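Start from the sequences, fold in the hints, and give me the full structure.
What follows is each chain in one-letter form.
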Amino acid sequence: MKQFTILDKKDTRSGFGVGLLEAGRKNPNVVALCADLVGSLKMDAFIKEFPERFFQVGIAEANMMGVAAGLTIGGKIPFTGTFANFSTGRVYDQIRQSIAYSDKNVKICASHAGLTLGEDGATHQILEDLGMMRMLPGMTVINPCDFNQTKAATMAIAEHHGPVYLRFGRPVVPVFISEDTPFIIGKALMLNEGADVSIFATGHMVWKAIEAGHILAERGIDAEIINIHTIKPLDKEAILESVKKTGCAVSAEEHQLNGGLGDAIAHVLSSNYPSPLEMVAVQDTFGESGTPDELMVKYGLTSTAIVDAAERAIKRKKEVLA
Amino acid sequence: MESVIQDSTPKTLEELKDISSQVRRDIVRMVHGVGNGHPGGALGCTEYFVALYFHLMKHNPDFQMDGIGEDLCFLSNGHISAVWYSVLARSGYFPVAELSTHRKINSRLQGHPTTHEGLPGIRMASGSLGQGLSVAVGAAQAKKLNGDNHLVYVLMGDGEQDEGQIWEAAMYAAHHKVDNLIATVDWNGQQIDGPTVKVMDLKDLPAKYRAFGWEVIILENGNDMAELIKTYEHAKTLTGKGSPVAIMMKTGMGYGVDFMMGSHKWHGVAPNDDQLAQALAQLPETLGDF
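Chains as they are written, first to last, in the UniProt record's numbering: chain A, 1 to 322; chain B, 1 to 290.
None of these hints come from the bench; they were simulated from the model. Fair warning: this is a prediction, and the values are worked out from it, not measured in the lab. Just to be clear, a hint being listed does not mean it is correct.
[Stated by the list, open to error] Result set (SDA-like, lysine to any residue): computed pairs, CA atoms no more than 20 Å apart in a straight line: (1) B:K144 <-> A:I47; (2) B:K208 <-> B:E220; (3) B:K144 <-> A:P51.
Written out as structure tokens, the structure reads:
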């Protein structure tokens with residue numbers, strides 16, 4: 001198992017803030033909108049440098065999506081910022097009609113996604129956003145794993161034409177992707193080559209997958225670990241190539257079991273190369289208040305859960321072979 | 001930007017009335033042809049679209065999505081698409097013959113307008129109500145960022161004013177001084193389930209926009225071409241002064257076809273063969289039917 005160096009500990013939303021500033025410097029058409037959460041979205045630096053290219057919308061997310069769609073008509077590249085819940089579920093119809101169906105070049109940037117929002121509880125901890133955004137025709141869905149990757153993703157989506165959902169979070173997590181690692185939309189990132197089981201992880205679960213890989217290695221299990229930072233378009237070739245080698249798979253995501261990365265992978269496998277797949281995800285329930293770490297343990301989003309899932313997947317593979 | 005043609009060379013009032021009559025024929029024939037659609041609001045807003053595209057706006061039928069260097073028009077209450085399609089075709093955006101495909105399979109003229117099929121002249125999809133004002137506001141702000149000194153027009157329904165997003169957008173437009181925008185409410189007093197006063201009373205609609213910080217003009221007869229043009233010429237003089245401009249445009253639902261006039265029952269119903277003949281008898285053919 002490859003060793004990963006923790007370069008730093010930072011939140012992914014700060015990667016967004018730095019990436020937005022850089023994207024703004026590179027392209028004068030980049031503009032930003034925020035629904036009264038500037039500090040939470042780390043947009044301050046962009047606003048300071050480009051005040052005329054920032055639009056405070058107030059607590060009015062539906063309007064924010066429409067104004068962003070309109071700005072694209074004049075060639076602007078709008079980045080909207082609010083919590084993931086208010087970036088998706090609250091404004092699904094606005095995104096569907098004015099952005100996705102109208103093919104507008106809006107970047108929907110969503111912070112505080114998933115359980116790791118923590119103490120605010122279930123009203124704010126959206127676990128359905130990847131599913132909703134995946135279902136929209138033409139929508140690109142990205143969920144990077146650390147500060148550096150979120151920064152790179154933010155800059156990459158500015159250069160990609162079309163609607164994008166970019167999801168990131170609040171807690172401070174290990175930074176382990178090097179700053180110069182290119183972010184290629186739709187191209188999965190191989191982290192550790194292995195032979196016994198494929199672990200496909202996204203977002204905050206990628207580091208937990210690496211931790212799981214070390215535990216599995218101690219038990220003599222050689223895990224392949226792949227970072228699926230782009231949920232849609234999904235890198236089917238990378239997934240199939242890996243599972244054809246290992247024969248079984250685990251998905252890991254900070255999202256509802258229904259509709260997320262695991263479902264997407266299940267579809268690829270069942271249609272192309274039926275294989276045992278174990279999904280680490282929230283099991284059809286809402287979250288609750290608690291610290292991010294407490295919640296990840298209570299709802300089963302841990303490295304231990306990934307290890308258990310990998311062992312189950314391998315056992316099923318052997319049963320199939322026997 | 002130089003390629004923009006000023007096809008809106010001021011037409012005489014008689015010419016504009018003739019175009020309106022032909023557009024009304026198009027509307028009833030389009031809706032009859034497919035057996036469904038929304039003739040009432042479309043007939044009521046005919047003078048509005050004819051005036052914009054044949055007289056008031058600087059626009060380019062050689063369509064560019066970004067609309068830089070021209071005035072833009074958005075339709076928020078997308079169900080009245082038939083009138084917009086007719087006016088877009090008649091002003092050169094696409095062949096008039098294509099009007100016959102309205103709402104039929106494989107058509108670019110979808111039941112509600114969309115960019116998805118690539119129909120020239122359409123810059124956003126609409127149909128799910130309440131979203132058009134926000135989009136128009138964003139487009140107007142992009143014009144300001146681009147140093148593009150042209151106007152953005154948007155039409156909404158009065159029933160559509162029930163949607164909360166309208167008021168989010170109204171607040172935002174005034175706060176951000178989006179003063180290159182002329183928003184119009186088709187104030188015909190009707191929505192699908194009945195008169196607006198019964199379904200959801202809008203109370204003093206002009207006062208509401210004024211309270212949000214808009215310049216508001218009331219157009220008493222939006223089906224009187226002369227009065228309509230005069231009102232919009234006046235509205236143009238109010239742009240660029242720090243406030244968005246709203247026009248409360250009173251129209252008759254179904255205007256031009258006597259048995260459809262003023263009735264919410266013609267919001268979303270197509271005429272049968274006899275009703276079509278009755279309607280066409282009231283509408284002189286001026287430019288030739290599609």
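*Holds or violated: K144 of chain B to I47 of chain A, with C-alpha atoms at most 20 Å apart*: With a Cα-Cα distance of about 18 Å, the restraint between K144 of chain B and I47 of chain A holds, given a limit of 20 Å.
*Hinted pair K144 of chain B and P51 of chain A, Cα distance within 20 Å*: Judged against 20 Å, a Cα distance of about 14 Å means the pair holds.
*Below or equal to 20 Å on CA atoms is what counts here, so check K208 of chain B against E220 of chain B.*
holds, 18 Å
When held up to the earlier numbered hints, the structure conflicts with none and fits them all.
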